[in-house]
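Let's have the full structure, built from the sequences with the hints guiding it.
Spelled out from the first residue to the last, the chains are:
2 protein chains.
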Amino acid sequence: MLRTLAFDADDTLWHNETHYAETQEAFRTLLRAYHDDAWIDARLHDTEMRNLQHYGYGIKGFTLSMIETALELTEDRLDGAGIRQVVELGKTMLAMPVESLPGVTEVLQELSKDFELMVITKGDLFDQETKLARSGLGIYFSKVEIVSEKDEATYAAILERHVIPADRFTMVGNSVKSDILPVLALGARAVHVPYHLTWAHEQVAAPAEAAFPVLASIRDLPALLRGW
Amino acid sequence: MLRTLAFDADDTLWHNETHYAETQEAFRTLLRAYHDDAWIDARLHDTEMRNLQHYGYGIKGFTLSMIETALELTEDRLDGAGIRQVVELGKTMLAMPVESLPGVTEVLQELSKDFELMVITKGDLFDQETKLARSGLGIYFSKVEIVSEKDEATYAAILERHVIPADRFTMVGNSVKSDILPVLALGARAVHVPYHLTWAHEQVAAPAEAAFPVLASIRDLPALLRGW
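Protein chains in written order, with my numbering: chain A, 1 to 228; chain B, 1001 to 1228.
By construction, these hints were calculated from the structure, which means they are not laboratory data. A portion of the hints provided could be inaccurate.
DEER-style ranges, computed between Cβ atoms [unchecked claim]:
id, chain 1, residue 1, chain 2, residue 2, range
1, B, G1138, A, P222, 37 to 43 Å
2, B, R1134, A, R168, 33 to 39 Å
3, B, V1204, A, G227, 55 to 61 Å
4, B, M1049, A, R161, 50 to 56 Å
5, B, H1162, A, R226, 39 to 45 Å
Values in this document were obtained by computation on a predicted structure and should not be read as measured data. Every residue, glycine too, gets a C-beta built ideally from N, C-alpha and C.
Printed below as a string of structure tokens:
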């Protein structure tokens, strides 16, 4: 019997990457007089990757990376008003309403009758906590784990801490890299529910031997679980 | 019998506020041509407090608040090179070596024989995790809780999650507001080990009825606990 069903949050329970995409479009607009879009995107991505070791994941680090990229791309010519706009882009992202993905509330309500539900999400502690609170979905989850990286060691530590045998654990998420492969490696199950956008850093080719179900919508999850 | 001994981290296990003080001095130097020190400090503090609802605690939010304050205090005249310096001040803070306070290692080593040791710290998840790893003190702690706020509700949730009765729990920390008062309110014990600097936001007057031991150094902790 399955016991614990864990969900990723960003782009699994609620929209997230669309907010980054919107913000990045506003960032391009600010710098379009200096460079073309592809170059702006590439430089921003490089800065983010370089800064991951300093900042980890999340909007505050992304905002600092946007500021750094803007200065680099304008050779320090972006003026104070421009910098202020970038700071505001970050604050706007942090304040964006948390919109559940279609079907999420109904599915959680249904599954909470038969499973222990858990959130395992990566990113900024404060931001993820406030998003969960604002989403109104917190009531369905008995455990919430906000982690700085989602790799095999992280999942192993979570299962150990909560005394969950791997064969009773299923992870549901939109990232093959963070939600699926490390979980399968532990002998647990994982269900992939893709989001229409994937951050470049999360894109991986799934190895040929990895087999996991892929659902078009989280609405299909209860039927899949009933079949197991 | 006592069972669990929990320690705050910043300014209890290692130096932290001194890094903020050094950074703030560099920030003043950058803006001294525009304003006097007291005004710079007051505006930065106001920005931090205003932004706490957006950013929570930690160095990344502090860096964004420094940028915002620098633009405000120079009426957007601070140039790109100046902004870049502020971004670098933040990165320098994030990379600062983690220096244990005198006596910490010996005391943890000694107490780990008789108590379950725990860290309860507030702030940025990624930053606090890397600090604990870099400190080399992680081996002494069986539980680590990184939280976004240290109030009565937070401590109550931690005790419940780890099934620790309040009368077997003791918190050790440098902040009366975050480490002492909310813990006493739950009927647990708390020991105050002041640091020579306290962030203005953490300064509170302890109510007259609150009674808790105050130690000059963490080195005095084992003797205090033996007396209980």
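Tested hints:
In this structure, G1138 (chain B) and P222 (chain A) meet the distance hint of 37 to 43 Å, their C-beta atoms being roughly 41 Å apart. Evaluation of the 33 to 39 Å hint for R1134 (chain B) and R168 (chain A) yields a pass: the beta carbon distance comes to about 35 Å. Under the hint 55 to 61 Å, the C-beta atoms of V1204 (chain B) and G227 (chain A), about 57 Å apart, fit the expected range. Hint check: M1049 (chain B) to R161 (chain A), Cβ distance near 35 Å, so the stated range 50 to 56 Å is violated.
A C-beta distance of roughly 35 Å is found between H1162 (chain B) and R226 (chain A), which places it outside the suggested range of 39 to 45 Å.
In the structure shown, a violation is registered for the earlier hints numbered 4, 5, in ascending order.
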